[in-house]
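Colleague: Just need the whole structure built from these sequences, with the hints factored in.
Chain order of the listed sequences is Z and C.
Heads up, the first sequence is in the numbering used here, so the first residue is 54 and it goes up one at a time.
Heads up, the second sequence is in the numbering used here, so the first residue is 29 and it goes up one at a time.
Don't read these hints as lab results, they were simulated from the structure.
We treat Cβ as the ideally placed atom computed from N, Cα and C, and that holds for glycine.
Honestly, I wouldn't trust all of these hints.
[What the hints assert, rightly or not] Derived Cβ-Cβ restraints for the label pairs, each shown as a range:
#1 C:L42 <-> Z:R110: 33 to 41 Å
#2 Z:A130 <-> C:T154: 52 to 60 Å
#3 Z:A71 <-> C:A139: 34 to 42 Å
#4 C:P69 <-> Z:I64: 45 to 53 Å
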Amino acid sequence: MTLTMFTVASIAVLVSMALSMIRALVGPTVFDRILAVNVTGTLTVVLIAVYGFLTDRPDFLDIGLLYALINFIGTIAVTKYVKFQDLGHPMDGPDEGDV
Amino acid sequence: MSDLLTTTIGPLALADWLSWFCIVSGSFFAIVGALGIVRLPDVFSRMHGAGIVDTLGIMLILVGLMFQADDVIVVIKLGLILLFIFFTAPTTTFALARAAIHGGVATGPTADELNQAKNKKKKEATSSKT
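Modeller: Okay, structure coming up:
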């Protein structure tokens, strides 16, 4: 009975990942693509966790936690690079900032 | 607490009922948010769909998984993932919105502009009637 519960969750996560990958492929601006890839990465964390429960190996949660960390840092890095054309120093002007 | 969760109500234990509820509603919100990412018109409204996926969808699925955990450490790890996503999803959305404004993506009409357009349309409708 518990098997079907995790199957439902993984199917829903896979469908959502497919939908957001459509936006990542189609998206008119680069920000659409970053947003869609970020959502896909966050859904991957859940997929890893659900897969761990599905195969009865909860150690997969460590990988999921690590994936969440890397996903966040990667998204911030790409966003900053697109915005400032640089990872080190922000541009001059009133819009200065670290994020 | 664990006695309460293992009490059977009908065909399933209480923990299984809670898991089913959380996972099914979380799946619903995940798919709705992903549809929003595909269907909504511009970047800023697509962020709304991403927010639905990040908060309601993923958090409900993870809470549903928590009820199926055998061990305390599994609950703690799931809670850490939850906490991390809870803080990073708004940060990412904020950074992305700021970068999009900086990058010259056109923001939609403001509330004032929408009200003006609405009043203009109403005035035209009344003048054409008389």
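Colleague: Decide, hint by hint, whether the structure agrees.
Modeller: Going through the hints against the structure:
1. A beta carbon spacing of about 25 Å between L42 (chain C) and R110 (chain Z) contradicts the range 33 to 41 Å that was offered as a hint.
2. A130 (chain Z) and T154 (chain C) have their C-beta atoms about 55 Å apart, which keeps the hinted 52 to 60 Å range intact.
3. Here the CB-CB span from A71 (chain Z) to A139 (chain C) is close to 35 Å, well matched to the stated 34 to 42 Å.
4. In this structure, P69 (chain C) and I64 (chain Z) break the distance hint of 45 to 53 Å, their C-beta atoms being roughly 28 Å apart.
Taken one by one, the earlier hints fail for this structure at numbers 1 and 4, listed in ascending order.
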